[in-house]
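Novice: Listed below are the residues making up each chain.
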Amino acid sequence: MTGPDEDRALEAATDRLLSDQRGQPAPPGAAGDPRPHQLAAALAGQRPGATTPRPAFTRRLHRLIDRELGGGRGEDPAVGHPGRGQTWSRRQWLAGTGVAVAAGVSGALLGELLPGHPAAPTPIDQGPLVPDQGRWQGIAHVEAITADHPVPFVAGAIAGVLVRERGGGIAALSAICTHLGCRVGWAATERVFVCPCHGARFARSGAYAGTAWPGAYPSGLPPLPRLRSRVMPDGEVQVFVV
Amino acid sequence: MEAAPPDGPAVARQRVLAAAYRVEAPAIYAFIARRVGSAADAEDLTAEAFLRALRGRQPLDPERVRGLLFTIARAVLAEHWSRLYSEAPAPLDAGPLELTDPGDGPPEPDGEPAAAQRVRTLLAALPENYRRVLELRFLEGRSVRDTAKGMGIRPGNVRVLQLRALRRAASLREVLP
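For the protein sequence lines, the chains are A and B, in the order given.
Per this note's numbering, numbering through the first sequence is continuous, rising by one, with the last residue being 257.
Per this note's numbering, numbering through the second sequence is continuous, rising by one, with the last residue being 171.
Misleading hints may appear alongside valid ones.
Said to hold, decoys possible - Between beta-carbon pairs, the in silico distance windows are: (1) A231/A - Q52/B: 40 to 46 Å; (2) W151/A - R51/B: 43 to 49 Å; (3) P248/A - A4/B: 45 to 51 Å; (4) R69/A - R49/B: 58 to 64 Å; (5) D140/B - R241/A: 16 to 22 Å; (6) A222/A - S80/B: 48 to 54 Å.
What the hints assert, rightly or not - For the chain A half of the interface with chain B, some residues (derived, Cβ under 8 Å), not all of them: (7) D35; (8) P51; (9) A57; (10) L58; (11) L79; (12) L84; (13) I185; (14) L195; (15) G214.
Unchecked claim - Far from chain A, by Cβ distances over 10 Å, these chain B residues were calculated: (16) P53; (17) R68; (18) A69; (19) M145.
Since the hints were derived computationally from the structure, they do not count as laboratory data.
All C-beta atoms in this analysis are idealised placements derived from N, C-alpha and C, irrespective of residue type, glycine included.
Produce the entire structure from the sequences given, and follow the hints as far as they go.
Specialist: Have a look at this one:
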């Protein structure tokens, strides 16, 4: 049996729920059975849009996590405009691999490669940078590159990633997001590249594949550019770097 | 006494979570929002879940981030209901309305279809006026006045009907498949 106190408590709880206020503990003695309230919550959770986070919250969560990681900037690169009080300049974004260093600790953490990667990108002896005159640089053995494990690399001025394509071939992609130049990482569970800065995703083919944050790129993004690559007879995959 | 290593398990864990959070946050938010119903609570609990994950000290395998986050989200939800109802039994989560555990599989783009299906099954099992009041008030978010107009009854009756419908539905939840 339920009493009038419990009825009043449940009614107050559903009113708060429907007006999008935080739930509050029921008054003493009126707590009763939580299940009708839980049921009301499950129903309200089916409202259109109920499961899409508000943009202000996604920014707040980013700042919170950033602070927790020790950055302390409390600045969300997603909300600012380059050149207007932004901590990271557009130049730094475009520097790609330099981003993590430029951004300090938290930037370094947020800029890390996504899960599923065996290790940090393979550092390659950079040699002299000659813009007009590239060279073929050996990166990895062809068998090290699987559909589940793309191989990231930094060679010369290029941050890229070697992928096993759907047809089984090998391709080299730029690892620099075509939005603002952060370096993408591989999300093993979803098998996509994800940009740590604003969440853009790219398929193994390099094609833009949406974002975890609805509405972020209404007109999409260009694909990750392809780099020239070749597989040598001994299985070494080389990329043409500048 | 030696200084702590600069890159201990906690830092490695933070790296893993920092890299994963943008991918996982929408699914965690949706998982929680489906169970608390209001954005205000869903936001608080989502933030709580991520902070708790970040403050852990155990090493974390990147492949297991998603599972860990859902486990934490479930714990945070259970605590939420315990806070509201000091001796809350199992949260909705544990009953037949429990919606699929996303586990390690790829996330479903439309969320958990099972959740919507359960709600439809439950509503279909209710008497017509109970079903209607819940649809109008909760699924469509209409006011008491609107609901009364839509159902041709007095506003005071909407409130009574709504309470009865919620209690009936909560009891049905136990018996439905």
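Novice: Each of the hints needs a verdict: does it hold here or not?
Specialist: Cross-check of the supplied hints:
1. The beta-carbon spacing between A231/A and Q52/B, approximately 33 Å, falls outside the hinted interval of 40 to 46 Å.
2. For the pair W151/A and R51/B, the beta carbons lie near 45 Å from each other, so the given range of 43 to 49 Å is met.
3. Evaluation of the 45 to 51 Å hint for P248/A and A4/B yields a pass: the beta carbon distance comes to about 46 Å.
4. Taking 58 to 64 Å as the suggested C-beta distance range, the pair R69/A and R49/B does not conform, at roughly 25 Å.
5. At roughly 56 Å, the beta-carbon separation of D140/B and R241/A lies outside the given 16 to 22 Å, and the hint is violated.
6. At about 52 Å, the beta-carbon gap between A222/A and S80/B stays in the expected band of 48 to 54 Å.
7. Annotation: interface hint on D35/A holds; nearest CB of chain B at approximately 5 Å, less than 8 Å.
8. Nearest Cβ of chain B to the Cβ of P51/A: about 4 Å, under the 8 Å cut. The hint holds.
9. Checking A57/A against chain B by beta carbon gives a least distance of about 6 Å; that is within 8 Å, so the hint holds.
10. The restraint placing L58/A at the interface with chain B holds, with a minimum CB-CB distance near 4 Å, inside the 8 Å limit.
11. At about 6 Å, the closest approach between the beta carbon of L79/A and any beta carbon in chain B falls short of 8 Å, and the interface hint on this residue holds.
12. Annotation: interface hint on L84/A holds; nearest CB of chain B at approximately 6 Å, less than 8 Å.
13. At a threshold of 8 Å, the smallest CB-CB gap from I185/A to chain B is about 24 Å, leaving the interface hint violated.
14. Checking L195/A against chain B: minimum C-beta separation of about 14 Å lies over 8 Å; hint violated.
15. The beta carbon of G214/A is positioned within 8 Å of a beta carbon in chain B (closest approach about 4 Å), and the interface hint is therefore held.
16. Distance check on P53/B: its Cβ is at least 13 Å (rounded) from any Cβ of chain A, clearing the 10 Å threshold; non-interface status holds.
17. Every beta carbon of chain A lies more than 10 Å from that of R68/B, the smallest distance being close to 14 Å; the non-interface claim holds.
18. For A69/B, the shortest C-beta to C-beta distance to chain A comes to about 16 Å, beyond the 10 Å cut-off, and the non-interface label holds.
19. The claim that M145/B is not at the interface with chain A holds, since no C-beta of that chain comes within 10 Å of its own (minimum 17 Å).
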